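Peer 1: For reference, the chains in residue letters:
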Amino acid sequence: MTADGSGGRMTEVIRLERVSKSYGDGDIIATREISLVAGKGEIVALLGPSGCGKTTTLRLIAGFEAPDAGSIEIGGRIVANERIFVPPERRGVGMVFQDYALFPHLTARENVAFGLRTWNVEARRKRIAESLDLVGLSELGGRYSHELSGGQQQRVALARALAPSPQVVLLDEPFSDLDADMRAHMRQDVHRILHQAGTTAIFVTHDQEEAFMIADRVGVLNRGRLEQIDQPDVIYHTPATRFVARFVGSADFIPGAVEGDGIVTELGTFPNQQGLPPGQAVEVMIRPDDVELVADLAGDATVLTRHFRGSDNLYCVRLPSGRTVHSSQGSTKIVEPGARIAVKTDPTHVVCFHEDEATR
Amino acid sequence: MGLLTPAAALGVAVVVLLTASPLLNLCMAVLAAGSQGVSSLLSGSVVTLMGRTLLLATLTTLWALVLGVPPAWILTRTDLPGRRLFRVLGVLPLAIPPYIGALTYITLLGPVGLVNTAYRALGASGQLVNIYGMWGGVLVLGLFTYPYILLLAGSALESSNPALEEAARAAGYGPMGIFAQVTLPLLRPSLLAGSLLVFLYALSDFAAVSFLRVTTFTTEIYHQLNTRFDERGASTLSGVLVLLTVLVLVAQRRSLGRRSFVQRRTGAKPPTLYPLGRWRVPALLCTFVVLGGSVFLPIALLLYQAGSAATIIQTLASGQRYLWNSLWTAAVAATVASGLALFVAYLIDRRKGLVGLLLTASTQVGYAIPGTVLGLSLILLYNTYLPWIYGTAAMVVLGYLLRYLPQAVQGSAAALSQVDPNLEEAARGLGRSGWQALREVTIPLIRPGMVAGWMLVFISSIKEVAATLLLRPAGFDTLPVRIWIATIEVDFAGAASTSLILIATTALPLFLIKRLDTGIPQLD
Amino acid sequence: MITTDQTMADRGTIGTTIILLILGWASAIMLAPTTPASASELVIYSGRKESAIKPVVELFERKAGVKVVLKIGKTSGLANEILQERQRPRADVFIATEAGVCEVLAKRQALDPYAPAAARVIPPDYKSSRGFWTGISGRARVIVYNTGLIKDGDVPNSVLDLADPKWNGKISIAGTLERTTLSWLAALVHVLGEAKAKAYIHGLLRNGLKVLPDNSDVWRGVGSGEFTLGLTNSPNYHLAVKAGFPVGVVYPDQGPSGMGSLVNANAVAIVKGARNLTLARRFVDFILSREAQAILVGHAFEIPLVPGMDAGEVRPLSSFKALKISQERLADLEERTIRLFPGF
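Protein chains in written order, with our numbering: chain R, 14 to 373; chain W, 1255 to 1778; chain D, 16 to 359.
Treat the hints as calculated values from the structure; they're not laboratory data. Hints may be right or wrong, so weigh each one.
Listed below are several chain W residues computed to face chain R (Cβ distance under 8 Å; list not exhaustive) [what the hints assert, rightly or not]:
id: 1; residue: Asn1676
id: 2; residue: Ala1680
id: 3; residue: Arg1682
id: 4; residue: Leu1684
id: 5; residue: Gly1685
id: 6; residue: Leu1699
id: 7; residue: Pro1702
Since this is a predicted model, take the numbers as computed values, not measurements. Every residue gets a Cβ at the ideal spot worked out from N, C-alpha and C, and that includes glycine.
Let's have the full structure, built from the sequences with the hints guiding it.
Peer 2: Set out below in structure tokens:
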């Protein structure tokens, strides 16, 4: 694994090297030295809370913003650095906006045709048909955007972006304007379409579930910094920072001390997988799905609250030390608040953090 | 998005220079007037003048509110039959400049007007009414500016959320209570905007108050220009007037923030309509009276005053030149204004910060300067520094341009703000350059707004008289100038005929704008 | 860092703007009748009303085969413009409603002297001694009254009697926008002295003197009965009669010790630096000709200054006592007088 998390052998389509961008004379830092690489046909998600700089990163790649420092390459060609700036219309980048930005005065077909101006008539016609077919809207080509539903509009936007066969397509929170039903549906569709088209894609979202579902790799951003970029399961099971741990799934942290092969905590001793030197004080990440609880009158932990979430019950448990952890149990396993329980943990991955630092 | 490119910076400089230079020159003239100017300012007569002008403006505003709010409510919130037609007609008074309105009401209510003649025919002596004076000024000005209130209030009423009123109804309020507790507070911003508009208009009006023999700042400035041999007195008065209008303007802007004047239909539920029942007749009466007094009656009086169709045709035939002058100067001003407005609106929208502020302020200059003062300022400026332009019809076009550029900018800015900035970026992502994106995506979308803006400037320019009187070169008269001269020379039939011709040229574009239904940002 | 995209957008918009502006100016300058470059256009600034002067101008156009561009306005306002335009004069000929203003212009070197042969017969009181302006025709300051509201015998014979309280609110006059009013005020200052003149005028104002914007408002007001008396110029009496109003006229202050009725001469002058000097002189010659005079007398009811002309309905100069004052003196006084009565 290279430092930015890609498999070195894939052809690089996007490369960001230490890209920084700030606004307002340096007061607002949007991105801090972000480096990432995306390979051909890869779908990368940029995940993070609002204001974390993910949309800015996207716009930097597209060319709607210019970086203050660092360089951006697309398809091996430098499109932005200290001396060079290639404008968006010459980068070969397709973009799908959060609100789709379909041209209201053009039909769906004309929207899709917009980027194919330089193609010859026959090729253009064919390509339009292909694109509409790809997104499943072949019969609706003559409609205007206000005559289409949200999901349909999004598909037109996607078709429009893909039609000119761009090197990379960028999607800005593509599903946030859809209702929950549509969203689930569209995620699958878009995933399929992108794979079928074989285009490299980078999309931005604040929804972890979405990122995990669609992307090959997920990058987590926090206040302009790319904290980790990896495959979803790696991110989930071995988060690099506390922020990533908390943002992707839920996490509790309990203190522990390194003693030889194990890390001693209130919940037991965990294997010292990272080979940390003894005597160190760390915090161990515990996910709710790692925590088992068993009703036991002699147990030393108590159930504080229980929330039925449909597919599971989320318990908040107080440990003898007074610290709380959460536990996710099956939907039929019910233990009432106040009951005494015994708590067991056996995580497959043991992730530890020093004070506030990442330790990977 | 900080710095401008050299080309854009040049454009900004040209616009700012063009619009701010008359004002700056006026300031210099005021300063040059020096101590004499200040002492004349402090004299009692100027204070009286200010009092009278402000009184006129205040009363006019109140009167316009009385005339505008009830019809606004009746036409948007009740089931009055024919209300759609009435709403279209309600805009028509804007085709009639107040000075023409003044002429018609002099015909009706003047000392030798129809009412007094009838009164004397009945055997009485003396006169029943005399429209000359303050109350006549208020009556006429209010009657021909109430459409601003009607339009703005009507628009606000139309697009307000019915849920609020339904909640009040559920709480037990009747129609009166709802109006007082819910509707009126909602109307406040648009009423404030409309009131300030009317106030500003009354402050700046020249021809109507002249005809009605009310002495205000503008008439006094005109008096000074035509009796004295130095412009110091006129310049000083102009300075005070501009200060007044700027204060009003600032108050107006502050009260509105960045809110647009016309709220677009949000596509939400339409407001609830109240059934009129037995109130139908009074409501119809109210609407008829207001519309009648501001549209039908004046037109009828003009026809009466013109005498016959033959007179009108003859006036048209002998006055073709004036019609042509009016049409082409207004058209050129509207075109240049639209072009500049697009440039300015684009920069204001896309670049916040100092540049946007500077452009906004400088293009608003036109609102702050009444026609008389603008004419004076332009004469002072161009005669001194650009004499090859002075004395040509270009000055007239320039006067219109500077005075009405704000309207065009407002129209373009409003239209532009409705366009998703992402659209341009989408176009660029698909291979278009910035300029191509503007042309292929943005402009087609704001075209209706731009056309409305063009027509607004056109209509306002056609009606303009105060600046034109001062700026026109020898032999170059426009329709309003002819009306002015005809009135002074007591050729009422000629004045009426020319008025009818003028109204014909302004009514048509007004209808077209209403049909385009893009909303009317601000009018003059 | 090069931002080529913004440049493109702005350049395009700038380009269009500049093209639009240029088109706008070009059309404005080309299409408008701007400065008469040809020798066949004469520019006249006239303080005299269009209805009075137009027939004369049209006759001149026909006879001389030239085009005249006429700008109608207030005498003082037009004089102002002539002064303003001194560096690049636009007007060729100035027609004023009284001569004092021409003296003012002459003093400021804005006029070109021209003493045509036809001017020789004009009485010396009504022309400039140095040839800067020539009187065309005259108008007397008279009292017009409504015969229905007052008997002929009750009308005061002197303007000074108008300050009597019995005339409270019944008298109207045009304000100083009308140059003839200003010259009348100046004449009063000349005759009564500044203090007495001020007292008199303030007396009139306290007595409810209605100051109207224009003389046409005065004669119409009197004719319709809105006012009993009006102080105005003699042609307006005839206009009122022609309009069918019940009016009478008194030429005031005619008694042996009276000051006489002020006669204002409409004056014609040539602007210094006029583009069309030759044509301007031809016009001056023409307006002093019997043909033009006949129109002015017959159509506009002016008093002929050229001796031997048939005055028709108008009372000729010889039939009443005119206030004796030199125009130079009048001009001097006018500049002071305007300051004495601000707001008049």
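Peer 1: What hints, given by number in increasing order, does this structure fail?
Peer 2: As far as the earlier hints go, only 7 is violated by this structure.
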